[in-house]
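Q: Those sequence lines, one after another, are chains A, B and C. For the first sequence, the residue numbers in our numbering are 2 to 435. For the second sequence, the residue numbers in our numbering are -10 to 285. For the third sequence, the residue numbers in our numbering are 79 to 433.
It is worth saying that the hints were derived from the structure and are not from the lab. Mixed in with the good hints, there may be bad ones.
Unchecked claim - Pairs of lysine-lysine, PhoX-like flavour, derived with a Cα cap of 25 angstroms: (1) A/273 x B/130; (2) A/226 x B/130; (3) A/120 x A/169; (4) A/397 x A/310; (5) B/280 x C/423; (6) A/120 x A/291; (7) A/194 x A/226; (8) A/370 x A/194; (9) A/291 x A/370; (10) C/413 x C/423; (11) A/428 x A/120; (12) A/255 x B/280.
Quick caveat: nothing in here was measured; it's all calculated off a predicted structure.
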Amino acid sequence: MVYRKISTVISFFVLFLVSASFAGEHFVPITSYRTGPYGVNGAPAANGFVDYLKMVNARDGGVGGVKLAWEECETAYKPDRFIECYERLKNKGEAGATVFQPLSTGSTYAVLDRLAVDKIPLITMGYGRTDASDGSVFPWVFPLMVNYWSLSTAKIKYIAELEGGLDKLKGLKIANVYHDSPYGKETGPILAKQAELYGFDLKGFPVAHPGIDQKATWLNVRRYKPDYVVLRGWGVMSQTSIKEAMRARIDASKMVGVLWSCSEQDTIPPGKASIGYSCASMINPGTNYKVFQDIVKYVHDEGNATGPKEEMANQQMYRVGVLMGVMTVESIAKATEKFGNKPMSGEQVRWGIENLNLTDERLEKMGIKDFIPNFRVTCADHEGSAPVKFQRWNGKSFEPASDWISTDQSIVRPMIEASAAKYAAEKGLSSACN
Amino acid sequence: MDWWFFIEVFVGGLLSGVMYSLVALGFVLIFKASGVFNFAQGAMVLFAALTFVRLLEMGVPALLTMAITIGVMILLAIFIERVMLRPLVNQDLIILFMATIGLNYFIEGFAQLIWGSHVGVLDLGVDQYAAFEIGNALINKFDVWAALIAGSLVLVLSLFFRFTVIGRALRAVADDHQAALSVGIPLSTIWVYVWSTAGIVALVAGVVWGSKLGVQFAISTVALKAIPVLIIGGFTSVPGAIIGGLIVGCGEKLAEVYLGTYIGYGIENWFPYMLALIVLMIRPEGLFGEKIIERV
Amino acid sequence: MIYRESGQFKTTYKADQAILPIFQDKVAMGLLMFFAFVIIPFIADDYWLSSILIPFLALSLAALGLNVLTGYAGQISLGTAAFMAVGAFAAYNLQVRVPEVPFLIAFIWGGLCSASIGILFGLPSLRIKGFYLAVATLAAQFFIEWLLTNFGWFTNYDSSGVITAPPLGIFGFAIDNPLSKYLLVLTIVVLCAFAVRNLARSEIGRAWMAVRDMDIAAEAIGINLMKTKLLAFGVSSFLCGLAGALWAYIVLGTVEPQAFDIMRSFEILFMVVIGGLGSVSGAFLGAGFMILLPILLNNLGSIVTGSAISTETIAHIEFMVFGAFIIFFLIVEPKGLARLWQIAKEKLRLWPFPY
Chain A
2 MVYRKISTVI SFFVLFLVSA SFAGEHFVPI TSYRTGPYGV NGAPAANGFV DYLKMVNARD
62 GGVGGVKLAW EECETAYKPD RFIECYERLK NKGEAGATVF QPLSTGSTYA VLDRLAVDKI
122 PLITMGYGRT DASDGSVFPW VFPLMVNYWS LSTAKIKYIA ELEGGLDKLK GLKIANVYHD
182 SPYGKETGPI LAKQAELYGF DLKGFPVAHP GIDQKATWLN VRRYKPDYVV LRGWGVMSQT
242 SIKEAMRARI DASKMVGVLW SCSEQDTIPP GKASIGYSCA SMINPGTNYK VFQDIVKYVH
302 DEGNATGPKE EMANQQMYRV GVLMGVMTVE SIAKATEKFG NKPMSGEQVR WGIENLNLTD
362 ERLEKMGIKD FIPNFRVTCA DHEGSAPVKF QRWNGKSFEP ASDWISTDQS IVRPMIEASA
422 AKYAAEKGLS SACN
Chain B
-10 MDWWFFIEVF VGGLLSGVMY SLVALGFVLI FKASGVFNFA QGAMVLFAAL TFVRLLEMGV
50 PALLTMAITI GVMILLAIFI ERVMLRPLVN QDLIILFMAT IGLNYFIEGF AQLIWGSHVG
110 VLDLGVDQYA AFEIGNALIN KFDVWAALIA GSLVLVLSLF FRFTVIGRAL RAVADDHQAA
170 LSVGIPLSTI WVYVWSTAGI VALVAGVVWG SKLGVQFAIS TVALKAIPVL IIGGFTSVPG
230 AIIGGLIVGC GEKLAEVYLG TYIGYGIENW FPYMLALIVL MIRPEGLFGE KIIERV
Chain C
79 MIYRESGQFK TTYKADQAIL PIFQDKVAMG LLMFFAFVII PFIADDYWLS SILIPFLALS
139 LAALGLNVLT GYAGQISLGT AAFMAVGAFA AYNLQVRVPE VPFLIAFIWG GLCSASIGIL
199 FGLPSLRIKG FYLAVATLAA QFFIEWLLTN FGWFTNYDSS GVITAPPLGI FGFAIDNPLS
259 KYLLVLTIVV LCAFAVRNLA RSEIGRAWMA VRDMDIAAEA IGINLMKTKL LAFGVSSFLC
319 GLAGALWAYI VLGTVEPQAF DIMRSFEILF MVVIGGLGSV SGAFLGAGFM ILLPILLNNL
379 GSIVTGSAIS TETIAHIEFM VFGAFIIFFL IVEPKGLARL WQIAKEKLRL WPFPY
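Hey, can you work out the whole structure from these sequences and the hints?
A: Here's what the structure looks like:
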């Protein structure tokens, strides 16, 4: 009892002290994970995110003349820690938190119901709850650019490209090696649908978490003798998969990984086994874009880098973190267009995200042309259906393996709407778009 | 029935089982000599591997790295003996067990605090992907090499326990702390020996596992798999650790491949435990362990 | 001087057998209940309620369950989180298939399912003991996690395997804001705590403690080992199942197997060890410690050095501090924080005299 009372008092005092700041600024909460099994991916992402924010402050003086402020909170990839961070940070800053980016599907699900009550939007680009792409049912969630199902269609298109056309898919054997978790199982139905549509044979091979011992799985895969292997890993699983694939004499060039199995953490440890491995990415590989030169000039050269400077060139996840920063800043910028140059609240930023329209001019102005594709968000389409790039590991770095491949919304959209409608019926919601 | 495939699965399972027994060896050592089930063995494997790989990354030559890491593990053993074992002499086994769980957390945090948590690539100069091709079956060369190392380690340790003075002293200590003390066996010195040896075994296991999987936090969860190995082989038997490891490795792979097609994949996680449970019900002391005698 | 029993005479057996026989204890408990039910709703804000107090209460319930099993009955269990998962999924499944069922019934159903699974995995305890038994519970942990992840039936065939918990409501009142959730959880936990305290003082409780101390001797004096051990598993799993349902429904809002992994089991074991094995207040003290410490470290870190310590370092230090505290408590006071509190109370009774 004694301990608890003392720590309670200290915490109150401490929290009071910490929260007495961030006036007159847009507040960006950064719920990162630098520890735990996914910390190796989360840390560079957080570094990239913060570096971008610092750069925007230094180069542009913030957004609309109002600076950006942020605070990091460690979630260790656990939903309950994320909720704690969320509750702690949601009211910080003059107008409250602008937008959250959990970088975790589990946390997305955990916080869903609170968003409408607290009026704070959530950006879950490339992950999260797929059917939230239907903005009429999920007004506060934005799986921007691409969601799990859209990416799946792009993957099949890429494989078709490698084979020489969609008609060549018929009769192929595709193995889906996935992490045995909700994240991993998400693409099961859509792959099955595409298998039906294009006539290829599909077999799923779950890998038990955390996936450091996959020998048996790959023996099974070897027995199946697939033409292509789709790898849906995250964290330590991906690199082990690549290694075991080589041991099972399945060449890396036959493996196509998802967005989240596409970082140096996955390709460097297996060594030569990764050469030829290709995987999906929301961004163009390399650092030859103005935004990175600006980060070097305004942040790194000033000695203000958040993490090791080499991460910019060496870590895909760092550049994904920059992308996260881009999304947040663009949303705030769009919101200030309508609501004026003052600290933006979550509700205002929600409007901003929903009306995002990244044109060539805007991309050019922010220095991110060619880094990301253009896309636009509407009320009904919270995803924006951006195209995806595939990159290939050559032993030292990622190089482009394809052009921007668009996703096949004709397959994806009906499934999303059906799933969202089911959710709406369960909860008794009416359409949020008119 | 594809026999070559079966052989591949079977032998592959045996080889990975040997890797488990490497970790289990450390457990057996400590249990045999101090009666403590050292839950922190996994963390020790991680710590040893991290120290080794970071020193290599800094450019220290391999032999010197090995020597320094062994020194570090000995220091760790001294530290553990001082801080944890001495105050808990003759306490309930449960208390000691839980203390090692605490130690596990402590060492994990400490290792990552000092050495950072990014993955360390351990290249031992052995090609990970080369394999013997026997018929249609692929037998990985690295696994065979690891098995040989583990095998020789087991041999050395068995001989050590049986034929040396220190070995006998260790067995005496495992039997009864107080009796050993009264006979004049220096408890603290023995404990330092044991934990250092376990530390060195952890280092070998860490190096082997680390080069296979990459040196990172996930390695310490491998230690959990060693528990069924111990149950099946018996907590106090060094050869038991090997046999137990073989059974677990083999059983796990065969179950995943053959049973998995029927009831769903991902069985690997719990199959060894179920196996251990069955062994426990039939023969509680494991295949090679000493019979548990309880006095009321 | 205030904490004296002299002058308090019991005139009926009933009065003598009360849970809190000393008048000052009754007053203290009354004040605590008043504080928890009435004062806290006024002074606590959303953050404290939903991020600290509610998880604290839910985890204390789980720690209470584990305390029954490990503290009173002496059977080590490393599968607590699996039993929590069973409770959560059972409650969800009942509500999804029979929507008219009020959620309290669903929670109790979750607890009962968990109890039966607990008894099933407790069967090995009749043959094995000590940390061999811990292995059996580890088997339960991994097996149940696999079962719930791999068979779509449990998650109602949702494509991602993560389901959102249905909204709660009682007699027309919706329970959707942190305050009402807090009061609900508080009521459930307080009731369970008193129940466990009573159980511990009863014949069953004494049988458990006898089995814990020396089960062969207990059998020799006529205690039915099977019934006692299985009952311990059953009651413990019931409480853990209830805690799991609370955790899923109220704390997280989702029901997913990953929230109930082996790390959670260890966390609850730590709570019980640090708080004190075999005491009800120990469960609460331990849970409070485990929940507040990371938050304190997080805040302290950023205050002391103004964000110069990375969150990663703080997380590693957290691990180290947990481990160090566990070892510290086991060396200094194996009976945990609860015993320290008891010693303080005893000193208070003698104060101002030293003994």
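Q: Does residue 120 of chain A pair with residue 291 of chain A here, judged by a C-alpha cut-off of 25 angstroms?
A: 34 angstroms, violated
Q: Mind checking the alpha carbons of residue 370 of chain A and residue 194 of chain A for me, to see if they're no more than 25 angstroms apart?
A: 34 angstroms, violated
Q: When you check the alpha-carbon spacing of residue 413 of chain C and residue 423 of chain C, does it fall within 25 angstroms?
A: 15 angstroms, holds
Q: For the pair supplied as a hint, residue 226 of chain A and residue 130 of chain B, is the alpha-carbon distance within the 25 angstroms limit?
A: The hint holds at about 22 angstroms.
Q: Does the structure keep residue 120 of chain A and residue 169 of chain A at a Cα separation of 25 angstroms or less?
A: 48 angstroms, violated
Q: Keeping to a limit of 25 angstroms between CA atoms, is the pair of residue 273 of chain A and residue 130 of chain B held or broken?
A: 17 angstroms, holds
Q: For the pair supplied as a hint, residue 428 of chain A and residue 120 of chain A, confirm whether the alpha-carbon distance does not exceed 25 angstroms.
A: Satisfied, since the Cα-Cα distance of roughly 18 angstroms is no more than 25 angstroms.
Q: Quick one, are residue 255 of chain A and residue 280 of chain B close enough, alpha carbons at most 25 angstroms?
A: 53 angstroms, violated
Q: Holds or violated: are the alpha carbons of residue 291 of chain A and residue 370 of chain A at most 25 angstroms from each other?
A: Within the cut-off at roughly 8 angstroms; holds.
Q: Has the given pair, residue 397 of chain A with residue 310 of chain A, been kept, meaning a C-alpha gap of at most 25 angstroms?
A: Within the cut-off at roughly 18 angstroms; holds.
Q: Holds or violated: residue 194 of chain A and residue 226 of chain A, Cα atoms, limit 25 angstroms.
A: Holds. Residue 194 of chain A to residue 226 of chain A sits at ~21 angstroms (cutoff 25 angstroms).
Q: Within a Cα-Cα threshold of 25 angstroms, do residue 280 of chain B and residue 423 of chain C meet the stated pairing?
A: Between residue 280 of chain B and residue 423 of chain C the Cα gap is close to 45 angstroms, so the pair fails against 25 angstroms, i.e. violated.
Violated hints for the displayed structure, listed by number in ascending order: 3, 5, 6, 8, 12.
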